Amino acid sequence: MVQEIVHTERVLTNDKKCATKVVSRIMQPVRCPEAKKLTYCNETTGIATTTKLQPMVENCECKSTVQTYQMRCKCNPQTTFVRQTACSKDCKTTVIQQREKLTADGVCKPELIAQVKKCCCPRPAVIRRNCDSASGMSSITTRIFKLVQGECIPVDKTVSRATICSSNETVRVLKEPSGWLRLERTKEVRIGCRCHMRSQISRKKWKCPEISRRTQCVELSDQQQAWKTVLVMWKSSTKESVCSRREIFTKLQPIVCSIPPQNISDCFFDAKRHAFVRRILNFKRRLEGCHCVREPPTVTFQVCSCAKPVQRAKCAK
Numbered sequence: 315m316v317q318e319i320v321h322t323e324r325v326l327t328n329d330k331k332c333a334t335k336v337v338s339r340i341m342q343p344v345r346c347p348e349a350k351k352l353t354y355c356n357e358t359t360g361i362a363t364t365t366k367l368q369p370m371v372e373n374c375e376c377k378s379t380v381q382t383y384q385m386r387c388k389c390n391p392q393t394t395f396v397r398q399t400a401c402s403k404d405c406k407t408t409v410i411q412q413r414e415k416l417t418a419d420g421v422c423k424p425e426l427i428a429q430v431k432k433c434c435c436p437r438p439a440v441i442r443r444n445c446d447s448a449s450g451m452s453s454i455t456t457r458i459f460k461l462v463q464g465e466c467i468p469v470d471k472t473v474s475r476a477t478i479c480s481s482n483e484t485v486r487v488l489k490e491p492s493g494w495l496r497l498e499r500t501k502e503v504r505i506g507c508r509c510h511m512r513s514q515i516s517r518k519k520w521k522c523p524e525i526s527r528r529t530q531c532v533e534l535s536d537q538q539q540a541w542k543t544v545l546v547m548w549k550s551s552t553k554e555s556v557c558s559r560r561e562i563f564t565k566l567q568p569i570v571c572s573i574p575p576q577n578i579s580d581c582f583f584d585a586k587r588h589a590f591v592r593r594i595l596n597f598k599r600r601l602e603g604c605h606c607v608r609e610p611p612t613v614t615f616q617v618c619s620c621a622k623p624v625q626r627a628k629c630a631k
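First residue of the sequence shown? That's 315 in the numbering used here, and the numbers climb one at a time after it.
Honestly, I wouldn't trust all of these hints.
[As the list claims (entries may be wrong)] Restraint-style ranges between C-beta atoms, simulated for each label pair:
id, residue 1, residue 2, range
1, ALA428, CYS466, 18 to 28 Å
2, ARG508, ARG486, 56 to 66 Å
3, GLN514, ASN444, 24 to 34 Å
4, SER447, VAL469, 23 to 33 Å
5, ILE361, THR455, 31 to 41 Å
6, THR363, VAL337, 48 to 58 Å
7, THR393, LEU461, 17 to 27 Å
8, ARG413, VAL469, 13 to 23 Å
[Unchecked claim] Here are the simulated PhoX-like pairs of lysine-lysine, each with C-alpha atoms no more than 20 Å apart in a straight line:
id, residue 1, residue 2
9, LYS377, LYS403
10, LYS388, LYS351
11, LYS471, LYS518
12, LYS366, LYS406
13, LYS460, LYS403
14, LYS549, LYS489
15, LYS542, LYS565
16, LYS460, LYS431
17, LYS432, LYS460
18, LYS335, LYS351
19, LYS388, LYS431
20, LYS518, LYS489
21, LYS331, LYS351
22, LYS431, LYS406
23, LYS406, LYS388
24, LYS403, LYS432
25, LYS377, LYS366
26, LYS350, LYS377
27, LYS351, LYS366
28, LYS406, LYS460
29, LYS366, LYS350
Derived from the structure by calculation, the hints contain no laboratory data.
Source: prediction; values computed, not measured.
Backbone N, C-alpha and C fix where the C-beta goes; we use that ideal spot for every residue, glycine too.
Can you make the complete structure from the sequences, with help from the hints?
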């Protein structure tokens, strides 16, 4: 739309009157400001309300009209599982999911998303070994992988241990032609963080033990015991450095317990027996472990002589 702007002025005519005179005419188009939009998206419903302020020219003036309309501004953010491929040799799988995508015209259309994930992880591997040669402490660091939401997360685990060698010692004895014995002692020795077998050789003169005697108590019967003397001899082997033991019975000495003499007292008067008696203590011994053990004595009495007759006088009435 075009607006005409007319400039006029009042002038004095010849007949001495004021009249209106057009000085200029200007044609100017009428321009309104651009339309304004105000959009608000409801996150709960996913619907956007747009308010549009649209200027319009009416009678060469700008007048605004308000327009309101709605359209979708947000789709469902949740994804749904569609399918998953089998785990491949390189530990990969493809997960296909579906979600909604907002188009330019405000429509939610389904869209497929393919995501490659890990379905298995590498095997544990030793990544570091350390050894303290002074203390013998060794440590091994192993890296393991944990599958977390399709990703292999590395976790390092360190285990320390002390190097403890066996304390057992093996000894080999060899007889040399010279008559000496060769002793080979073999045991484990720690070198760094490992155990190695090491041998130590020594020599000594070879001979068997001296002859010895051994005495023991034996039962001959229920009431008889004896000391048995055994001679222990050692005989050397001509092929190997081994001494064989040999026992020879030499003597059997029975144990006889002597009877101690009686203890006899002097004669004394015993009023109950009306006689003179003597007390006799009898002693006995019994065998116990080839030793004579004294038992408590027994007491007996023996009459020495009877008492003399006694005369009593009685008066008869």
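Results of checking the hints against the structure:
| no. | hint | verdict |
| --- | --- | --- |
| 1 | ALA428 <-> CYS466: 18 to 28 Å | holds (20 Å) |
| 2 | ARG508 <-> ARG486: 56 to 66 Å | violated (24 Å) |
| 3 | GLN514 <-> ASN444: 24 to 34 Å | holds (31 Å) |
| 4 | SER447 <-> VAL469: 23 to 33 Å | holds (29 Å) |
| 5 | ILE361 <-> THR455: 31 to 41 Å | violated (57 Å) |
| 6 | THR363 <-> VAL337: 48 to 58 Å | holds (52 Å) |
| 7 | THR393 <-> LEU461: 17 to 27 Å | holds (20 Å) |
| 8 | ARG413 <-> VAL469: 13 to 23 Å | violated (33 Å) |
| 9 | LYS377 <-> LYS403 | violated (71 Å) |
| 10 | LYS388 <-> LYS351 | holds (18 Å) |
| 11 | LYS471 <-> LYS518 | violated (53 Å) |
| 12 | LYS366 <-> LYS406 | violated (51 Å) |
| 13 | LYS460 <-> LYS403 | holds (18 Å) |
| 14 | LYS549 <-> LYS489 | holds (15 Å) |
| 15 | LYS542 <-> LYS565 | holds (6 Å) |
| 16 | LYS460 <-> LYS431 | holds (13 Å) |
| 17 | LYS432 <-> LYS460 | holds (11 Å) |
| 18 | LYS335 <-> LYS351 | violated (47 Å) |
| 19 | LYS388 <-> LYS431 | violated (28 Å) |
| 20 | LYS518 <-> LYS489 | holds (10 Å) |
| 21 | LYS331 <-> LYS351 | violated (57 Å) |
| 22 | LYS431 <-> LYS406 | holds (6 Å) |
| 23 | LYS406 <-> LYS388 | violated (33 Å) |
| 24 | LYS403 <-> LYS432 | holds (11 Å) |
| 25 | LYS377 <-> LYS366 | holds (13 Å) |
| 26 | LYS350 <-> LYS377 | holds (13 Å) |
| 27 | LYS351 <-> LYS366 | holds (4 Å) |
| 28 | LYS406 <-> LYS460 | holds (15 Å) |
| 29 | LYS366 <-> LYS350 | holds (6 Å) |
Checked against the numbered hints above, the structure violates hints 2, 5, 8, 9, 11, 12, 18, 19, 21, 23; every other hint is satisfied.
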